[in-house]
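Given these sequences and hints, build the entire structure.
Each chain is listed here by its residues.
Protein chains: 2
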Amino acid sequence: MNKEDFFIKQFNNNSKLIGDDGAVIGEFVYSNDAFFENVHFKKEWFSLKQIARKAMLVNISDAIAMNAKPKYALLTVAIPKEYSKKDIKYLAQGFLEVAKEYGIEIIGGDTISNCKLDISVTIISTTNNPKLRRGIKKSDLLCFTGDLGSCKKDLRRLLSGKKISKKSKFYEPKLKAEFFYEASKYVNSCMDISDGLFFELERMSKQSKKGFEFFYEIPKRVGCSGEEYELLFSFEEKHKMKIEKIAKRYGIKLNIFAKAVEGRYKCDCKNHHFG
Amino acid sequence: MNKEDFFIKQFNNNSKLIGDDGAVIGEFVYSNDAFFENVHFKKEWFSLKQIARKAMLVNISDAIAMNAKPKYALLTVAIPKEYSKKDIKYLAQGFLEVAKEYGIEIIGGDTISNCKLDISVTIISTTNNPKLRRGIKKSDLLCFTGDLGSCKKDLRRLLSGKKISKKSKFYEPKLKAEFFYEASKYVNSCMDISDGLFFELERMSKQSKKGFEFFYEIPKRVGCSGEEYELLFSFEEKHKMKIEKIAKRYGIKLNIFAKAVEGRYKCDCKNHHFG
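The listed protein sequences correspond, in order, to chains A and B.
Under my numbering, read the first sequence as residues -8 to 266, first letter to last.
Under my numbering, read the second sequence as residues -8 to 266, first letter to last.
Keep in mind that the hints were calculated from the coordinates and are not lab data.
Incorrect hints may appear among the rest.
For chains that are exact copies, the list does not tell them apart, and a pair is met inside one copy or across any two.
[What the hints assert, rightly or not] Using 20 Å as the maximum straight-line C-alpha spacing, the simulated SDA-like pairs for lysine to any residue come out as follows:
id, residue 1, residue 2
1, Lys176, Arg125
2, Lys33, Ser75
3, Lys261, Glu88
4, Lys244, Arg255
5, Lys62, Gly17
6, Lys34, Cys106
7, Lys33, Lys72
8, Lys60, Gly17
9, Lys211, Arg255
10, Lys107, Ile237
11, Lys(-6), Asp186
12, Lys80, Asn3
13, Lys72, Lys144
14, Lys107, Pro71
15, Lys60, Ile16
16, Lys72, Asp(-4)
17, Lys(-6), Glu73
18, Lys7, Gln84
19, Lys72, Asn29
20, Lys0, Glu88
21, Lys0, Asp78
22, Lys0, Tyr81
23, Lys77, Met(-8)
Written as structure tokens, this is what we have:
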């Protein structure tokens, strides 16, 4: 077990709410994600606006995966001393742009001076039908949206000093909010793919107490690719056509790749953070 | 204006909820504070458990100052790679201890591997009578609890390599929850003193559109001392005896030091962070 998981394990007896993309309390969902320099990004790779946008989007992704609508955000932003006022304005613009696009009000947080740019975002969302990791039923079909693999490839290119496409999902995740809010009524279980498909499948397996029978082999370059922010969800076979119809309407590719069975699934990817 | 305030200013048009220790939404109060290595503490000064305890307490302090009861916490914890499992367990214990003492459930967050120990805590509290910074009325008496000055002195000692008392408030703030939950019904406006009395008075002055007539001179070593986490509040003179009676019962020292008048107050302390 890595140290981060070991830390989280210390809290598992404190709350049953730990273990999903967000914690559900009544109609509210609370999610929190860090976006730290030299852990999630290097400053040479992103503009400050892109950094702020991605910090917001990876958090909003959690809310969407739980079928929750983001309403409010709290920001911890640790800003390097050498940043100019122009830099700071540009950084703030990234947060504000995404907030506007998703109808989110930034209600507070904490701003400090630091040696590097470190961001932590808390998103407060509302839902009347939350989707959890523990909802997979036996014989459910497992599905992920979009294409996986490009973020791992792009990260490798950046790490070796090469450039990547400006449209790369590594710069800006392509969230599927409208599709999922509509499809979710046919969905049993969902989470977003932040650490890689195989990593997330292990988490779902643990929470849902199910294993997976794959329909085809998924290579590691696809299954271990983190930072994808695609949706991973399960549903009963009888809902397949309805979900496919909604996906088609929104132009979203679905990959139905496995079936839930009794058992447990273990992943053997390495942690994708490069820090 | 320093860069942190300049950053926060970018968001002021986005929300009217910014500007207090926490944001009030219905019966909930949301507060968020960072506790970063080499900004708020140096690792040589604290045990890991003390760091976790203080990270929690400075956030709980915000909730108390708003007359809100902390219920849930989300933690972003960035852990240095070299920490052992024993270190991590000890760190987690600090969070769990304080959570237990205040009846808080830790419901989630994010844990990452980082070059230093950086913590951001979001506290979700509930209240039916929130106290804000903008509530000061003309002729209100201004009051702070306890003694101010020791934290600045202790920080200086630590920075020059000297030791400080194990009981120092710099290690662990002495919160006044029970006193304030009872006294708050007579209080018009409140906040906690995290950046120093004079800093906070400027913030209250801005929010309440009032100035202050001091009853006696407060030296800078007292008024500019940050990290005190005492309460700063205002009330009408007619409630003075009732508040004093409650304070006496809880063994809490009150310092009634000024009266609210028309005008504006400006502070000239330096930022107390040493990073």
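Here is how each hint holds up against the structure:
In this assembly of identical chains, the alpha carbons of Lys176 and Arg125 lie at most 20 Å apart only when taken from the same copy (16 Å versus 44 Å across copies). Within a single copy, Lys33 and Ser75 get their C-alpha atoms as close as 18 Å, which meets the 20 Å cut-off; across copies the closest is 26 Å, which misses it. Proximity of Lys261 and Glu88 under a CA criterion of 20 Å is satisfied in neither setting, with 34 Å inside one chain copy and 33 Å between copies. With identical chains, the CA atoms of Lys244 and Arg255 are never at most 20 Å apart, being 27 Å at best within one copy and 59 Å at best between copies.
Taking CA atoms no more than 20 Å apart as the test, Lys62 paired with Gly17 passes in both settings, with 15 Å inside one copy and 13 Å between copies. In the homo-oligomer, the alpha carbons of Lys34 and Cys106 lie at most 20 Å apart both inside one protomer (12 Å) and across protomers (16 Å), since each shortest distance falls under that limit. For a Cα distance limit of 20 Å, the shortest separation of Lys33 from Lys72 qualifies both inside one copy, at 17 Å, and across copies, at 18 Å. For the homomeric pair Lys60 and Gly17, the shortest alpha-carbon distances inside one copy (14 Å) and between copies (17 Å) are both at most 20 Å.
Taking the shortest alpha-carbon separations for Lys211 and Arg255, only the intra-copy value of 19 Å comes in at or below 20 Å, while the best inter-copy value is 63 Å. Taking the closest pair of Cα atoms, Lys107 and Ile237 never come within 20 Å of each other, the shortest separation being 43 Å inside a single copy and 45 Å across copies. When the C-alpha separation of Lys(-6) and Asp186 is checked against a cutoff of 20 Å, the pair qualifies only within one copy, where the shortest distance is 15 Å, while the shortest distance between copies is 34 Å. In this homomeric assembly, Lys80 and Asn3 come within 20 Å of each other (Cα to Cα) only across copies, at 13 Å, whereas the closest approach inside a single copy is 39 Å.
For the identical chains of this complex, Lys72 and Lys144 are neighbours neither inside a copy (33 Å) nor across copies (25 Å), given an alpha-carbon limit of 20 Å. In this homomeric assembly, Lys107 and Pro71 come within 20 Å of each other (Cα to Cα) both inside a single copy, at 5 Å, and across copies, at 15 Å. Taking identical chains as interchangeable, the C-alpha atoms of Lys60 and Ile16 lie at most 20 Å apart whether they share a chain (14 Å) or sit on different chains (16 Å). In the homo-oligomer, the alpha carbons of Lys72 and Asp(-4) lie at most 20 Å apart only across protomers (13 Å), although the nearest pairing inside one protomer, at 32 Å, exceeds that limit.
Taking CA atoms no more than 20 Å apart as the test, Lys(-6) paired with Glu73 passes between copies only; the shortest distance there is 10 Å, against 32 Å inside one copy. Taking CA atoms no more than 20 Å apart as the test, Lys7 paired with Gln84 passes between copies only; the shortest distance there is 18 Å, against 37 Å inside one copy. For a Cα distance limit of 20 Å, the shortest separation of Lys72 from Asn29 qualifies both inside one copy, at 17 Å, and across copies, at 13 Å. With identical chains, the CA atoms of Lys0 and Glu88 are at most 20 Å apart between copies only, with a shortest distance of 16 Å across copies and 36 Å within one.
Taking the shortest Cα distances, Lys0 and Asp78 sit within 20 Å of each other only across copies (14 Å), while inside one copy they are farther apart (38 Å). Taking the shortest alpha-carbon separations for Lys0 and Tyr81, only the inter-copy value of 13 Å comes in at or below 20 Å, while the best intra-copy value is 38 Å. For a Cα distance limit of 20 Å, the shortest separation of Lys77 from Met(-8) across copies, 14 Å, qualifies, whereas the shortest one inside one copy, 43 Å, does not.
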